[in-house]
Amino acid sequence: MELLEFAVEKALELGASYAEARFEEKKGTSLAMKNGNPEGLSVISDRGMGVRVLADGGMGFASTNVLTKESVGEAVKKAVKLAKAAAKVRKEPIVFSEEDFHSVEYKVKMRKDFRDFSPEEKLELLRKIEEEVKATGVNVPMRYLNYSDQVWKKKILHSDGAYIESKIPRVSVTYNLVVFENGQMEQAPFVQRAFSGGLELIEKDEPWKWAVKDVQALKRLIYEGRKPPEGRVDLVISPEVAGIAVHESVGHPYESDRIFGREAAQAGESFVKPDMLGERIGSEAVTVIEDPTIPNSWGFYLYDDEGVKARPRYLIRNGIINEFLMNREYAAKLGQRSNAAARAINYNREPIVRMANTYLAPGDHSFEELIEDVKLGVYMVSFNEWNIDDRRYQQRYIGREAYLIENGEIKHPVRRPILEITTRALWSSVDAVGREVEFYPGTCGKGEPGQGVPVWMGGAHARLRDIPLRRP
Amino acid sequence: MFDVNDFILKKAKELGFGDVVVLSHETERRQVRFANNEITVAKNWHERKVELFVELEKRVAGTSITELSEENIEKTLKTLLSNLKGMSPKEDYYGIAEGPFEYRDIPETFDKAIVELDEPNEYVETAINSALEEGAKRVAGVLYTDHDKIYLTTSNGVEGFDEGTGIEISVRAFIGDLESGHGTNSSRVLKKFDPEWAGRKAGEIANLARNPEQGPEGKFDVIFDPLAFANLLSYMSFMTSAYAAEAGFSFLVNKLNEKVASDIVTIKDIGNLPNGYGTRKFDDEGVPTRETTIIENGTFRTFLLNHSLARKYGASTTANAGLVMPHAWNIVLEPGDYTREELFDEVKKGIYITNVWYTRFQNYVAGDFSTIPRDGIFLVENGELRPIRNIRVSDNLQRILGGIKGLTKESHHVHWWEVNTPVTTPYVLVGDVGITRAMK
Numbered sequence: 006m007e008l009l010e011f012a013v014e015k016a017l018e019l020g021a022s023y024a025e026a027r028f029e030e031k032k033g034t035s036l037a038m039k040n041g042n043p044e045g046l047s048v049i050s051d052r053g054m055g056v057r058v059l060a061d062g063g064m065g066f067a068s069t070n071v072l073t074k075e076s077v078g079e080a081v082k083k084a085v086k087l088a089k090a091a092a093k094v095r096k097e098p099i100v101f102s103e104e105d106f107h108s109v110e111y112k113v114k115m116r117k118d119f120r121d122f123s124p125e126e127k128l129e130l131l132r133k134i135e136e137e138v139k140a141t142g143v144n145v146p147m148r149y150l151n152y153s154d155q156v157w158k159k160k161i162l163h164s165d166g167a168y169i170e171s172k173i174p175r176v177s178v179t180y181n182l183v184v185f186e187n188g189q190m191e192q193a194p195f196v197q198r199a200f201s202g203g204l205e206l207i208e209k210d211e212p213w214k215w216a217v218k219d220v221q222a223l224k225r226l227i228y229e230g231r232k233p234p235e236g237r238v239d240l241v242i243s244p245e246v247a248g249i250a251v252h253e254s255v256g257h258p259y260e261s262d263r264i265f266g267r268e269a270a271q272a273g274e275s276f277v278k279p280d281m282l283g284e285r286i287g288s289e290a291v292t293v294i295e296d297p298t299i300p301n302s303w304g305f306y307l308y309d310d311e312g313v314k315a316r317p318r319y320l321i322r323n324g325i326i327n328e329f330l331m332n333r334e335y336a337a338k339l340g341q342r343s344n345a346a347a348r349a350i351n352y353n354r355e356p357i358v359r360m361a362n363t364y365l366a367p368g369d370h371s372f373e374e375l376i377e378d379v380k381l382g383v384y385m386v387s388f389n390e391w392n393i394d395d396r397r398y399q400q401r402y403i404g405r406e407a408y409l410i411e412n413g414e415i416k417h418p419v420r421r422p423i424l425e426i427t428t429r430a431l432w433s434s435v436d437a438v439g440r441e442v443e444f445y446p447g448t449c450g451k452g453e454p455g456q457g458v459p460v461w462m463g464g465a466h467a468r469l470r471d472i473p474l475r476r477p
Numbered sequence: 009m010f011d012v013n014d015f016i017l018k019k020a021k022e023l024g025f026g027d028v029v030v031l032s033h034e035t036e037r038r039q040v041r042f043a044n045n046e047i048t049v050a051k052n053w054h055e056r057k058v059e060l061f062v063e064l065e066k067r068v069a070g071t072s073i074t075e076l077s078e079e080n081i082e083k084t085l086k087t088l089l090s091n092l093k094g095m096s097p098k099e100d101y102y103g104i105a106e107g108p109f110e111y112r113d114i115p116e117t118f119d120k121a122i123v124e125l126d127e128p129n130e131y132v133e134t135a136i137n138s139a140l141e142e143g144a145k146r147v148a149g150v151l152y153t154d155h156d157k158i159y160l161t162t163s164n165g166v167e168g169f170d171e172g173t174g175i176e177i178s179v180r181a182f183i184g185d186l187e188s189g190h191g192t193n194s195s196r197v198l199k200k201f202d203p204e205w206a207g208r209k210a211g212e213i214a215n216l217a218r219n220p221e222q223g224p225e226g227k228f229d230v231i232f233d234p235l236a237f238a239n240l241l242s243y244m245s246f247m248t249s250a251y252a253a254e255a256g257f258s259f260l261v262n263k264l265n266e267k268v269a270s271d272i273v274t275i276k277d278i279g280n281l282p283n284g285y286g287t288r289k290f291d292d293e294g295v296p297t298r299e300t301t302i303i304e305n306g307t308f309r310t311f312l313l314n315h316s317l318a319r320k321y322g323a324s325t326t327a328n329a330g331l332v333m334p335h336a337w338n339i340v341l342e343p344g345d346y347t348r349e350e351l352f353d354e355v356k357k358g359i360y361i362t363n364v365w366y367t368r369f370q371n372y373v374a375g376d377f378s379t380i381p382r383d384g385i386f387l388v389e390n391g392e393l394r395p396i397r398n399i400r401v402s403d404n405l406q407r408i409l410g411g412i413k414g415l416t417k418e419s420h421h422v423h424w425w426e427v428n429t430p431v432t433t434p435y436v437l438v439g440d441v442g443i444t445r446a447m448k
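Protein sequences appear in the order of chains B and F. Here my numbering is used: the first residue of the first sequence is 6, the next is one more, and so on. Here my numbering is used: the first residue of the second sequence is 9, the next is one more, and so on.
Hints are not guaranteed to be accurate.
What the hints assert, rightly or not - In silico DSS-like pairs for lysine-lysine, Cα to Cα no more than 30 Å straight-line:
no.	chain 1	residue 1	chain 2	residue 2
1	F	57	B	74
2	B	31	F	83
3	F	200	B	86
No wet-lab data here; the hints were simulated from the structure.
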């Protein structure tokens, strides 16, 4: 705290109009197992301080992991100097929105604290996946498994009055499984199960059951999979597929720094423009919510790194563009208040506009109701290949596990149905949404240098009518 | 920082560890980000860090230490020791390379002028202005300067020091929402840094890309700009690691000494490439970096290896440690004999793709993937370019390598956000590339 105060005061003394100092510490372990072999232990222990300032209307940032007054003082000097120099290559000064600030301390509790368990005990979780996958009798010649846990501590002090202290433990299991049967090969890569909280969340989630489900589905796909229907059909997407679709084509294009071009060099701009607030982008059935406050979520936080209190954000309400994701800089540009989307992945990164947990809000249909009046269609359960252009308009998702729907019944698996569609067409085609919401973890990439932040993506099942589906 | 390294090594040996690698870094990095023709933020990073790898009877562990007091170092080593004692061994671990080695200076990897550079904003202004002169309306990008010192000490007699610098810029120029171009430039020495070239290229492509029409789909001859092909080769570089192959992330599995590309394709990793952005004197075990031919005239010759994986497969290290995961330093696709004009003349009806991003795989072992062209995309017809938009490359990596029909003499060294491992590549002509587009 003393170093944080020192940094903020020194920045103001040197001429900054605003200063924030952020101390972060991450401690944890990571373990991998490759084809049954433990790959070794990685111990994560990282801490340092970042300082961000506004001076003369320019923004400067500096960080150091040498936590002495001398080194922090040096970082502050650099940040202020950089901000002043940057101001000379600006047309208008950067201004932050007015907000209510708090002095807050919060933490996520662990019922089973992973710090109390040895690496070998954690390795048992991966062994359990190995055993359960082997017990299926499916030939899985390549198996890469990873376990990781970290406690993230943050202390953030701002010159305009915010002080936020937080402690969030995060735990995750990831796998890549290659199924080889009948001379054919299918793959479930980078499948992750992840939470904010203790080991009990992984144990309750039982990642080995997800792995077993995946390899059995892939084996069935190899033996029974047929070509998907081509041309215009109906498509029912699972919460997992709905999750990636809302993340890519709603969350990203609604990030205000993209809308205003700040991400143009790297992650791109957006088809969404400031004057599109209130415009229809999807059907009445589509509501998309972005909510950092979901307990134990992978993207959990209660206050963002600019000290603004988090809340659910309704990006689309009944098909209408309702609000953008904002930090203080772009809230000021829009004449609004920030909705707490400013996140930094570590002490050595600046806070930028990010998603947390994005989902397609539930509707009023049971799963059976979604399926029963589909004459010909596909049910896409999970996906592998996906991408979207840098304006977030043209996207593609390819089914991993997927089934034919015929006359209201789910039939045999289909191979790699391809949904390649524009954002507007995608969300305008939704005519019904299911009642149950599920979430899937991911790492959202943005910023340079990269900031892979933990996010959840999800939603309810959704039915899309009259969709042009492709085959490989 | 050799005093810190020596202390860690001594303490680790006292505690009974077998193989020990201590790799220390002192880094100074600056960044200037810009968008809409103005600087959005300027940054500075100062870091001292020790990366530590230890082995105890085939049990291995790694960590980074940033608090370098003797007390914290001893505490960290004891924590690693207690954690490792209960762990199962990595049965396929075969040790680290035996030193000592001799190291040679690699040309154009250090420049005092970059260390002493007070203010890089003038280079940003140069890039912005050259893009604007070509017709751009909005210019965005990022500039870095780097100064790194690394100190390596291992329990097998290695002591190595390397000091490097770098400066690079990535520039994206926009005219409207759909018209953009991209240029990059990376150099380890200031006199070869050319931000004006990067800005001008970005502006020129944006200008050529005005009023694009919806692109077609089907199979096309495609000319990939070095910026675009570097992206694909950067993804491929990960797949050349023996570790990635074992983990199920490579289309090169079981293809040693098989044909995986057309005859004119030779791909190397050159760790000691002069002026290469990934160049280092030695790998993480201390083995002097070198040139390794991965694909020779279309035939796959070797995965990238460290000492342990090399022993496992009865081969020699390729000096690509990464102790756990070997990785490439600088990927180089050998140039061909076409001029750029001759290459475009080869295409009666095809597509020129200046950049791609968001490359994702359906299946790593099969190599099926898609990637999105961004910035200028052009139909090439009888020597003329017509701008198009909204298409996707949907194909297979091995088929792309197999379909290479022409390479220019001219090559470019590419390193930016989407090309993590630096790549040197010519313009590449590939036949029958799968192109798709959204149908609704």
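To see whether the hints hold, each was checked on the structure:
Between residue 57/F and residue 74/B, the direct Cα distance comes to roughly 18 Å. Compliance with the 30 Å bound is thereby established for this hinted pair. Distance check on the hinted pair: residue 31/B and residue 83/F sit about 17 Å apart at the alpha-carbon level, within 30 Å; holds. For the hint pairing residue 200/F with residue 86/B, the CA-to-CA distance comes to about 27 Å; that is within 30 Å, so the pair holds.
In summary, the structure agrees with every hint in the numbered list given earlier.
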